[in-house]
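Student: Those sequence lines, one after another, are chains A and B.
Mapping of the first sequence onto my numbering: residues 580 to 1042, in sequence order.
Mapping of the second sequence onto my numbering: residues 580 to 1042, in sequence order.
Since the hints were derived computationally from the structure, they do not count as laboratory data.
A hint or two may mislead.
Identical copies look the same in the list; a pair holds intra-copy or inter-copy alike.
[Claimed, not checked] 20 Å max Cα-Cα, derived EDC-like pairs, lysine to aspartate or glutamate:
| # | residue 1 | residue 2 |
| --- | --- | --- |
| 1 | 872 | 654 |
| 2 | 831 | 800 |
| 3 | 912 | 995 |
| 4 | 595 | 838 |
| 5 | 595 | 654 |
| 6 | 831 | 786 |
| 7 | 912 | 928 |
| 8 | 912 | 973 |
| 9 | 897 | 1008 |
| 10 | 736 | 655 |
| 11 | 1003 | 624 |
| 12 | 752 | 786 |
| 13 | 595 | 657 |
| 14 | 912 | 601 |
| 15 | 752 | 798 |
| 16 | 1003 | 593 |
Protein chains: 2
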Amino acid sequence: MSHSPSVERWGVHEIKLAGPADGNPFAEVRLSARYQYRNRIVEAEGFYDGDGVYRVRFMPDAVGPWRFTTVSNVDELDGVSGGFEATPPGAGNHGPVRAVATGFAYADGTPYLPFGTTCYHWTHDMDEARERETLRTLAVSPFNKVRMCVLPTGRMKPPEVPFAGEDPHGLDKTRFNPVFFRHLEARVADLRDLGVEADVILFHPYDEGLRGIEDMGRDTDHAYLRYVIARLAAYRNVWWSAANEYDFNPAKTVADWDDILRTIQRLDPYEHLRSIHNGTRMYEVATLYDFTKPWVTHQSIQHWDATPTDAWLRACQKPVVIDEIAYEGDAGKRWGNITGAELVERFWEGMARGGYVGHGEVLSGGPGRPWLGNGGTLLGESPARIAFLRTIMEERRDGTILRYLGRRQPAQVTVELPPERGYKVELIDTWNMTITPVDRGHRGRVRVGLPRRPYLALRMTRT
Amino acid sequence: MSHSPSVERWGVHEIKLAGPADGNPFAEVRLSARYQYRNRIVEAEGFYDGDGVYRVRFMPDAVGPWRFTTVSNVDELDGVSGGFEATPPGAGNHGPVRAVATGFAYADGTPYLPFGTTCYHWTHDMDEARERETLRTLAVSPFNKVRMCVLPTGRMKPPEVPFAGEDPHGLDKTRFNPVFFRHLEARVADLRDLGVEADVILFHPYDEGLRGIEDMGRDTDHAYLRYVIARLAAYRNVWWSAANEYDFNPAKTVADWDDILRTIQRLDPYEHLRSIHNGTRMYEVATLYDFTKPWVTHQSIQHWDATPTDAWLRACQKPVVIDEIAYEGDAGKRWGNITGAELVERFWEGMARGGYVGHGEVLSGGPGRPWLGNGGTLLGESPARIAFLRTIMEERRDGTILRYLGRRQPAQVTVELPPERGYKVELIDTWNMTITPVDRGHRGRVRVGLPRRPYLALRMTRT
Chain A
580 MSHSPSVERW
590 GVHEIKLAGP
600 ADGNPFAEVR
610 LSARYQYRNR
620 IVEAEGFYDG
630 DGVYRVRFMP
640 DAVGPWRFTT
650 VSNVDELDGV
660 SGGFEATPPG
670 AGNHGPVRAV
680 ATGFAYADGT
690 PYLPFGTTCY
700 HWTHDMDEAR
710 ERETLRTLAV
720 SPFNKVRMCV
730 LPTGRMKPPE
740 VPFAGEDPHG
750 LDKTRFNPVF
760 FRHLEARVAD
770 LRDLGVEADV
780 ILFHPYDEGL
790 RGIEDMGRDT
800 DHAYLRYVIA
810 RLAAYRNVWW
820 SAANEYDFNP
830 AKTVADWDDI
840 LRTIQRLDPY
850 EHLRSIHNGT
860 RMYEVATLYD
870 FTKPWVTHQS
880 IQHWDATPTD
890 AWLRACQKPV
900 VIDEIAYEGD
910 AGKRWGNITG
920 AELVERFWEG
930 MARGGYVGHG
940 EVLSGGPGRP
950 WLGNGGTLLG
960 ESPARIAFLR
970 TIMEERRDGT
980 ILRYLGRRQP
990 AQVTVELPPE
1000 RGYKVELIDT
1010 WNMTITPVDR
1020 GHRGRVRVGL
1030 PRRPYLALRM
1040 TRT
Chain B
580 MSHSPSVERW
590 GVHEIKLAGP
600 ADGNPFAEVR
610 LSARYQYRNR
620 IVEAEGFYDG
630 DGVYRVRFMP
640 DAVGPWRFTT
650 VSNVDELDGV
660 SGGFEATPPG
670 AGNHGPVRAV
680 ATGFAYADGT
690 PYLPFGTTCY
700 HWTHDMDEAR
710 ERETLRTLAV
720 SPFNKVRMCV
730 LPTGRMKPPE
740 VPFAGEDPHG
750 LDKTRFNPVF
760 FRHLEARVAD
770 LRDLGVEADV
780 ILFHPYDEGL
790 RGIEDMGRDT
800 DHAYLRYVIA
810 RLAAYRNVWW
820 SAANEYDFNP
830 AKTVADWDDI
840 LRTIQRLDPY
850 EHLRSIHNGT
860 RMYEVATLYD
870 FTKPWVTHQS
880 IQHWDATPTD
890 AWLRACQKPV
900 VIDEIAYEGD
910 AGKRWGNITG
920 AELVERFWEG
930 MARGGYVGHG
940 EVLSGGPGRP
950 WLGNGGTLLG
960 ESPARIAFLR
970 TIMEERRDGT
980 ILRYLGRRQP
990 AQVTVELPPE
1000 RGYKVELIDT
1010 WNMTITPVDR
1020 GHRGRVRVGL
1030 PRRPYLALRM
1040 TRT
């Protein structure tokens, strides 16, 4: 046995053990570790990492001494114990993100405003140059969350897949492929180090019948969840998205998804954020999951329009994240060919209503395949404007009033300011990214004259 | 008695009679005329026009000899008979507009595509210069329908109102004001002569309690309808809109509106188009009237979004006219401050879905009050683009395929053309009003590369 002698709060503690390699260790060996801090015990699932190596990973949530003891149905893995010191978190480590009312905050209380993007398969090619490019792009982008899939899609021919055996037709879904997962978790760690949340999509309906992963049966689904969670849950930047477009999978019912979400909840000792993302025939009403169910932490939505955000928040007091609202692009599909201006409009509309909107890009003309599937470089016009919006949202303080005018162009607007304080009023051009002082020292009812153009906002700040 | 010796088909035949001026002729004298053409009899209501003058108006729908005999409860008005010749219609006279499936056509079979605008009170000021300006504006505009109110709104101080007595507090709603109506019908005739339909709004909820016209009681409502219809129904360009924003009138129930629409149907011998227009809290689902009711000829809708047109047409196989979809303007109200580009986008979206969209303008900066209320001059950017759209819609033939791309900007689109014919493909820029040939001689599946900008359409025409 070896293990990390010390780890920072919300870092990854790992125990490494030697054990049996015969039979099917993935299915036959059960391993976990009970971690104790003072009078509190947290149990973390372990996993088989191939070649007779077993590991348990754990994310300590408190600074100070921790002890652990392993539990296994195999003697040599059972009852192994040790201790380590959790040190204060390093710079940029605020812990995992939690839902707080209809917003989010890191575990240390720092507010977190999701500005997500999507690169479904940026890790599957195992193309190191492309992955580094993706990480460099993210580092200078406004995006602090990435939706990404564990499972490949039907048409891909990735060098490694999550399951053992011959891809695609000879897979053994009772065994996993540690090479695939080591690579995946290294990329999750890279995102963590950039301050980017990994919104990990566990199932999707894009298999086209090739690998049979849409309908593996309940036991295999559970084994898969157990393995993924054992490997990834200790990374503080992980979110669980039970599925992309869950309702496009005809093999699973809502009861199946309930069971999957409850299984995630049971297996993950850290209560990472959990949701499930709907498909929708665009321009029809979305088939949303019932987000009031207690095993869901936030509302992960696909819908082309942000204006129902008010209704979604009234129906369910959990954060609204419209992860897909159509993408900036020039693809043939409706979801992938709105203009940058239109996507920015939808970001502002959603955020003005108290929700959060996600980005994606499917523009042709770059050196590789589009960002949405494979990462790489961003070509669009929206990221700069989303960065501008992010700055404005993060600068917002209690008492700051933002009013977004969208496609409307009133000659003047009347703003009712609390009469007891003076306010500075600024005109924001959300597309041209300018902030122009209108006046300062306003109180009470203020009339502001506006230029005749769309995509304006007003910001009122206490002086 | 005097009467028109001849009148063109779908023109106005008028009988003038002398009768009692004492008492309340509006309430006490009943007058109608039975018009006979061959073996067919049509009865038209007459009306009291003040100063002991009674009139009956009638719109003959067939060329040839017509006979009439009056019917009255007053001896001197009863049994008066005569005849006249209906001549073929003059240039530009195609008869009244009818609903045909989910579209419209004039009575002579000429297709009619409504490109409506709204000037609610352009006649109420009786400002001749302004009215002439409005008519000149309409004459050079793409608009061939105007929504206009009979009743004034609460805050107006018009020189004449529809009722007798002292305006606003001393009105006698059992008597009408012929001066008001003579003026109104002269403007309806002006519109007719320009080829513009008058979508006459009979009730509205904008009285602010001043004249009590939102809750006059059933009998007074009926007398008002009888009088308006007797005066106006013979004008072939009249449409009946039972109300604007009917659901904003708390004094009337849906059953009341049913009764009003059925009363209009009973009193109007020509079956002019009949509908009723909803209010809506914008950005909530509109409270539409049930347009499947047999006394409604088309779906008159207020909604900010044209995309439900498909659903409305599925639910009810009658033409969809989104008379209010928000207006080009810079007003403080949400319904009155979208950009010209946004309004044009909504026009195309609605028409691409098989509906019709209405225009309105509330831009400040002109010499008078905005177009929406009072007519005058148009200042906006949308009318030129709506004219361009109208030309394209009117040029469309059987087999012409239009595909509107809206805010989407696909790098290419695939069009499936019937393989047995050659097609010319053109790229339409709906905002810049250009039509660019892409190629000619296409057959079957065609891929068309597109520039990266919004508001494009493709037109495929048989060669």
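Student: Are the hints correct? Go through all of them and say.
Tutor: Comparing the hints with the structure gives:
no., hint, verdict
1, 872 with 654, "neither (40 Å within a copy, 78 Å between copies)"
2, 831 with 800, "within (11 Å within a copy, 58 Å between copies)"
3, 912 with 995, "between (43 Å within a copy, 16 Å between copies)"
4, 595 with 838, "neither (31 Å within a copy, 82 Å between copies)"
5, 595 with 654, "within (15 Å within a copy, 113 Å between copies)"
6, 831 with 786, "within (14 Å within a copy, 56 Å between copies)"
7, 912 with 928, "between (23 Å within a copy, 17 Å between copies)"
8, 912 with 973, "neither (33 Å within a copy, 29 Å between copies)"
9, 897 with 1008, "neither (30 Å within a copy, 43 Å between copies)"
10, 736 with 655, "neither (39 Å within a copy, 96 Å between copies)"
11, 1003 with 624, "neither (54 Å within a copy, 65 Å between copies)"
12, 752 with 786, "within (14 Å within a copy, 72 Å between copies)"
13, 595 with 657, "within (13 Å within a copy, 110 Å between copies)"
14, 912 with 601, "neither (48 Å within a copy, 74 Å between copies)"
15, 752 with 798, "within (11 Å within a copy, 78 Å between copies)"
16, 1003 with 593, "neither (52 Å within a copy, 67 Å between copies)"
Comparing the model with each earlier hint shows violations of hints 1, 4, 8, 9, 10, 11, 14, 16; every other hint is respected.
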